[in-house]
Amino acid sequence: MLDDLRAAYRRDPALHGLRAAELLFYPGLWAVWSHRIAHRLHRCGIPLLPRALSQLTRLLTGVEIHPGARIGRRLFIDHGTGVVIGETARVGDDVTVYHRVTLGGRGWWADGKGSRRHPTIGDRVVLGVGASVLGPVRVGADARIGAHCLVLHDVPPGARLQSPHAIPAPRPAGRVPTLIQEQ
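Residues in the sequence shown are numbered consecutively from 1, following the UniProt record's numbering.
Do not rely on the hints blindly, as some may be mistaken.
The following label-pair restraints were derived from C-beta to C-beta distances [claimed, not checked]:
#1 Gly-146 to Gly-45: 34 to 42 Å
#2 Ala-141 to Met-1: 22 to 30 Å
#3 Leu-2 to Arg-70: 17 to 25 Å
Source of the hints: derived by calculation from the structure; they are not laboratory data.
Quick reminder that beta carbons are idealized off the backbone N, C-alpha and C, glycines included.
Please take these sequences and the hints and turn them into a complete structure.
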C-alpha cells in the first residue's frame, strides 16, 4: 500500500507532500487499497464480502474493480470516476489509469463463461481518459493508449495509439441559432 502512495506522489503533480488531508480526498488510492483487500478475500474463497466491498468502493469513489482482477504494484488511478476493471483483467506494475477507462469484456455473446474475457495490461502502460480496452487482448509494456481510444486487438510493447482529433466543422450559411435566448 505504501508503494501505491509513493506512485501517486510521483505521478500526480497536484499532490503536494505527504499530507494526510490529501489522502482523505484521493479516490484512486482508496479504490486501489480497497481492491487489494477485496482481492485477498476473493482468493481465499470468501463469498459475497469481496464483491460487497468492491461495490461499496464503487459507490464511494466511482471506481469499480472486480475482486477477481489481478492488479500489479504501484497502480495509479488519477481522478478515477468511471474507471471499470473487469473480473479476468490483469494489470501490470506501474500502470497509470485516467478517468473513464474501461478494461472490459466484449459482451455476454462474445465472452465464454470461465474463460479470459478481459485485457492483460503490461508494465508501465498509460491508459488515457476514456480509453476502452475490450476482450482478451494484450497491451504490451510501455504502451500509451490515448484518450478515447477503442482497443479490440493486441497492442505491441512501446506502441502509441491515439484516436482522431476533433476537427471544426464549417459553419452553415446564414444565421446559426444560439442556445441562449436573445432579449
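The hints, checked one at a time:
Separation of Gly-146 from Gly-45 is about 39 Å and conforms to the stated range, judged on CB atoms against 34 to 42 Å. Distance hint check for Ala-141 and Met-1: the Cβ-Cβ separation is about 24 Å, which falls inside the suggested range of 22 to 30 Å. The supplied range of 17 to 25 Å is met by Leu-2 and Arg-70, whose beta-carbon atoms lie about 20 Å from each other.
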